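Asks: Residue numbers (the numbering used here): 35 to 452.
It is possible that part of the hints are untrue.
Derived Cβ-Cβ restraints for the label pairs, each shown as a range [unchecked claim]:
1. Phe371 x Glu93: 41 to 49 Å
2. Glu234 x Leu51: 50 to 58 Å
3. Lys64 x Leu290: 31 to 39 Å
4. Leu262 x Val360: 28 to 36 Å
5. Gly238 x Leu262: 46 to 54 Å
No lab work stands behind these hints, which were simulated from the structure alone.
Predicted, not measured: the structure shown is a model, and the values here were computed from it.
Ideal placement from N, C-alpha and C gives every residue a C-beta, glycine not left out.
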Amino acid sequence: MALELYDVGLVAIGLVLLGVAILPRLVGDKPISMPIFFVGFGFLLFSMPFTFPAPDPLEQGETTERLAELGVIIALMSVGLKLDRFPGLRAWASTWRLLAITMPLSIAGAALLGWGLVGLLVPAAVLLGAVIAPTDPVLASEVQVEEPGAGNESEPHEEMEGGEDEVRFALSSEAGLNDGLAFPFTYLAIALALVGLAPENWLGEWLLIDVVYRIVAGVAIGAVVGWLLAKVIFAAIPDTPIAQSVQGIEAIAGTLAIYGLTELAGGYGFIAVFVAATAIRHYERTHDYNEALHQMAELAEQTVMAVIMVLFGGAIVGGLLEPLTVEAIGAVIGIVFIVRPLAGIIGLLGFDRSWTERGVISFFGIRGIGTFYYLAYGLNEAAFADADLIWALAGAVVLVSIVVHGITATPVISRILD
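Assemble the whole structure, with the sequences as input and the hints as a guide.
Replies: Below, the structure written as structure tokens:
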């Protein structure tokens, strides 16, 4: 039996990797995204009587956390390596609006729905708000920026936008930074669960350590190590067969090293990885090796995404969504179709783009792997009431987002760009 399961596993892994290779050719211009296929494959795979037991993120919390963590950091490196636009207050105005206004409003809205409609206790409601904060354009690749240098970039001395259209840029850059900036709110939920609601028990340490120090450390380490890594990467062009056979691997090596160093220093590794990726991208903007780095990071990103989505489909088979109540389903619909779009519109009020573009940016608040990571992390760090219900809510939000945003992304983005 064990040997048979091993063989089944080989077949499953082979099919997943084949899907990573083949599906982009088949669905690249269709109104459907790759994650939908992988979730469906996972559902079928774990429904078979002779296959593996369905994964349970509550029972396998540590494994869930680490796998999702790997998926997030690789995705952050991939996104950062393809952003052509120079960071700046004016050039990244849409990003700052989405982070400073839209994200806190989304967290508050989801937490209020969890508390007022579903009946979660305050710490659990805050955790729900925190875990749905990260957006994840990798789950609908049509709303990501394209490979580095794909558009007509501006010159290095200009602060204005590069070749990316505003919709794709806003969603990609938002996802690159809010994966890290959601952490203070997760720590807030953990603090409320551990020491209670009274602010005197947690406010000072939370502001000083979880908000200020960890963010500053993440930005600083990412910028410095990213610059040093870029000097090493672009110091010499690979011109031997063995050097060319491993070109681009620095993207993965840098991701792991930068993340680990930042976490050892107590900073937010997610922020550091994204900042480092943008530093590498802008060190030698026109160098051909940027494409090799991007290709390696994107291949790893798509592979890990596929594995996680297959396991997500298996978790659904195992009953992940069974705790959902009518009220919880209402909260899921509210989070996806009301909270994020409304928060996005508010955040982009007065922004110098058409209402159509602002509406599209507001609607595509895609949830995914980051949500899985933060929820697994929070539940591993503290005991929360109704943990199974929180997982059901988060899983349903991600599932609805994968289906709705995956189906609508291609036609909507195509219409915007026509």
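Asks: Work down the list of hints and note, for each, if the structure agrees.
Replies: These are the hints, each one checked on the structure:
Between Phe371 and Glu93 the beta carbon distance is about 31 Å. The supplied range of 41 to 49 Å is therefore violated. For the pair Glu234 and Leu51, the beta carbons lie near 53 Å from each other, so the given range of 50 to 58 Å is met. Judged by the Cβ atoms, the range 31 to 39 Å given for Lys64 and Leu290 holds: they are separated by roughly 34 Å. The hinted window of 28 to 36 Å between Leu262 and Val360 is violated, with their beta carbons roughly 54 Å apart.
The hinted window of 46 to 54 Å between Gly238 and Leu262 is violated, with their beta carbons roughly 34 Å apart.
Checked against the numbered hints given earlier, this structure breaks hints 1, 4 and 5; the rest are met.
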